[in-house]
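> Take these sequences, add in the hints, and give me the full structure.
Going line by line, the protein sequences match chains A and B. All letters in the first sequence, in the order written, are residues 0 to 462 by numbering that gives the first Met the number 0. All letters in the second sequence, in the order written, are residues 0 to 220 by numbering that gives the first Met the number 0.
In case anyone wonders, no lab produced these hints; they're calculated from the structure. These numbers come from a predicted model, not from an experiment. A couple of the hints might just be wrong.
Cross-link-like lysine-lysine pairs, in silico, BS3-like; alpha carbons within 30 angstroms at most [as the list claims (entries may be wrong)]:
(1) A:Lys189 / B:Lys29
(2) B:Lys153 / B:Lys92
(3) A:Lys185 / B:Lys33
(4) A:Lys189 / B:Lys47
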Amino acid sequence: MRYESQKIAQNFYTFAVLLFLVQVLVGIIAALQFIWPDFFPLKFNIIRDLHINALVVWLLMGLMGATYYVVPEESQSELWSIPLAKFQFWATVVAVTAVVLGYIWMGFDPQANKFIAGTLLLNEGREYIEAPRWADWLIALSVILFLLNNFMTMYKSKRWTGIQGTLLGGLTFLALMYLPGMFYSKSMVKDQYWWWWVIHLWVEGAWEVIAGALLAFMLMKVTNVERHVVERWMYIEVALVLFTGILGTGHHYYWIGTPRYWLWVGGIFSALEPIPLLVMVWDAFRTTRTHRVVSNRLGLFYATSHAIFNFVGAGLWGVIHTLPQVNKWTHGTQITTAHGHLAFYGAYVLLVMSMIYITLPLIRGAENFNTSRGYRSFWWMTISMIFIVLTLTGAGMVQTYMERLVGLDYVTVKANYNLWFWIFRAIFGLGFLYGVTLFVIDFFKLGREPVEAVATEPSETTV
Amino acid sequence: MSNKGIRNLFIFGSIFFFVIFIGLTIDTMKKVDKRAPKITEEVDAGKKLWHKYDCIGCHTILGNGSYYAPDLTKITVNKPEGYLEKFLVNPRKVKPNAAMPVLGITPEEAKKIVAFLDWVSKVDTNGWPPKPVLARYRVPQIPGATVYEKYNCKACHMINGVGGTSGPDLTHVGSRKPDPEWHKKHIRDPQSVVSDSAMPPFPQISDEELNQLVDYLITLK
Ligand code: HEM
Ligand code: HEM
Ligand SMILES: [Fe+2]
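Put into structure tokens, the structure is as follows:
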């Protein structure tokens, strides 16, 4: 770390890591509610809202922290305003806490979610963007301040690099794509049409652009690869992401009441979406192989795993159900859940974790740190996630066959045929929770405990 | 190509695809209203209640949402209004082991929600959800079973694992309810024998069909 202001990243990381723990805890409650619907005072919908909102918020916080690290470094200057960054951080924490309390309140008293001035007070009742309108505005304000701070830093230093340009381009796209979720449509068809602009253009557009930029940054940080090489591949990756991903939105417009041509547009373009993700894997491997100077093996290990599981979870698990001929049968089944978990885990959870493992040691001035907990946490999480996803894929195949092809009742399939899958998901969820706990402990101890344990892994200190 | 060239390709190529996307969006917005019935005030009020109670936190609709509860896209095709309204107000009174909680929906609110669900069921979804192509179920060659099929009792009831779960499983109803007279009254007007029953009345069944149907039901032991 070279700039004092990069330390601000730690605030964001800390909040992110704590929310990650909350997300997984409530995920396990949700999993148990598939087996015992009434065992917890808050009903499934509230628990699920907490699970997916905590996920999105902690990933955003992680990406913001990472950006506050990257931009001063790339601009070679201190951040434009540290107080503004701090204000923006605390404002977000307060807004997020208020939203969470609102959900819990609504969980105990659904009637508390009233319409006030045409918008709902506690929960908008739209998946992922459940946060009420007043919170939308606070979040938007926070993101605008965040972008302003970073743009001003770049503008003052007059050093524009490809990496930070792409990173901030992706973040601006992210902020803009929040807007289509902020108005009411009387038609449920239009409602879902615009809703997918937010959800799809985030995860398969803006966020992947951000991932491309951060991958380039990380590769450059831990190997001696030349900037112009990583930036070149970064441009190719993010270009292919948007060329396929924008029209790929059509894979959500097959069956929601939109015209039939979307079957062609969505099918063709989304089937090409795995290509840039494969290029990213190749990029990570090529760089590691040809540039042997590695400063942070654990960080590079996480970054490479991110590239691989981004391809597997988003690319492979996405493409298997993206053609209309397949999606007609699997749409809205547990196959979607399987894909959702592996994609988010591989693409964004591992991305934020690798940024943490690459930048946190530098922030804390601990070039050498005990990596064994970091590896153990990776294996506990990743193996548990693979089994969760295989379990859900099994449940999805049974559901598609029994419900969609044979025509049995949804509730029957869920309660009888799929019961064992729910049990196994909950068990593997505990394994995942153990991995997250290790990670959280590691996060707080990294660089703050004696390093002698490093001696047991000599390769770490010699390279 | 230089890095700058690739960067420009990225920027202008992305704008190009976004412009096409906006064009298709404009065209879609023009067409979607024609692919669905008119939105009345009641439908809109129902949609607002749908959001208020966060139904999407458990259900999918048009295939999107949560995967904890059945998809509601075509729910009003097989389930009559009266039944759905009773279910929404108190799922556990209609179905004692329902996983859906009592949300505090009033009967007036339920009417609006059902109007909204009925609107959704009439949207042209390009044929989704598809008919099950591997349905192996054959109607038993008994006159009563044909009547049971004709009036779609299986939308709500299950016999030997086939059918819906809204009403009780009828696989052994003959041993539970052996009295044919009870069944006749019940089918014609469920509320006359089960107070506040959510099962719809079937006045349209002819006397002959009713006899066959009841003969069939009491053999289910
Ligand atoms: C990092 C990138 C990605 C993430 C995080 C992601 C995540 C998700 C999530 C969470 C859903 C479910 C949305 C809901 O709850 O309604 C979903 C749906 C879907 N995704 Fe992805 N996805 C990614 C990339 C991809 C790619 C590259 C493809 C195709 C090649 C794809 C294909 C699909 C399809 C077809 C659906 C709809 C499933 C259905 O019909 O029910 N996804 N995605
Ligand atoms: C980092 C890890 C995780 C990520 C990224 C993640 C992500 C998601 C996402 C995006 C959804 C909503 C979309 C969908 O259903 O496809 C979801 C739903 C859910 N998650 Fe997770 N999750 C994670 C960990 C867990 C764990 C450990 C459990 C518990 C075993 C869990 C249980 C659930 C359940 C039960 C649902 C509801 C699914 C449904 O509606 O059928 N998740 N999660
Ligand atoms: Fe998508």
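> For each hint, tell me whether it holds in the structure or not.
We went through each hint and held it up to the structure:
Between Lys189 of chain A and Lys29 of chain B the alpha-carbon distance is near 11 angstroms, which keeps this suggested pair within the 30 angstroms criterion. Taking the CA atoms of Lys153 of chain B and Lys92 of chain B, the gap is near 20 angstroms; set against the 30 angstroms cutoff, the hint holds. With a C-alpha separation of about 14 angstroms, the suggested pairing of Lys185 of chain A with Lys33 of chain B holds against the 30 angstroms cut-off. Of the pairs offered as hints, the one joining Lys189 of chain A and Lys47 of chain B holds, with about 14 angstroms between alpha carbons and a cut-off of 30 angstroms not exceeded.
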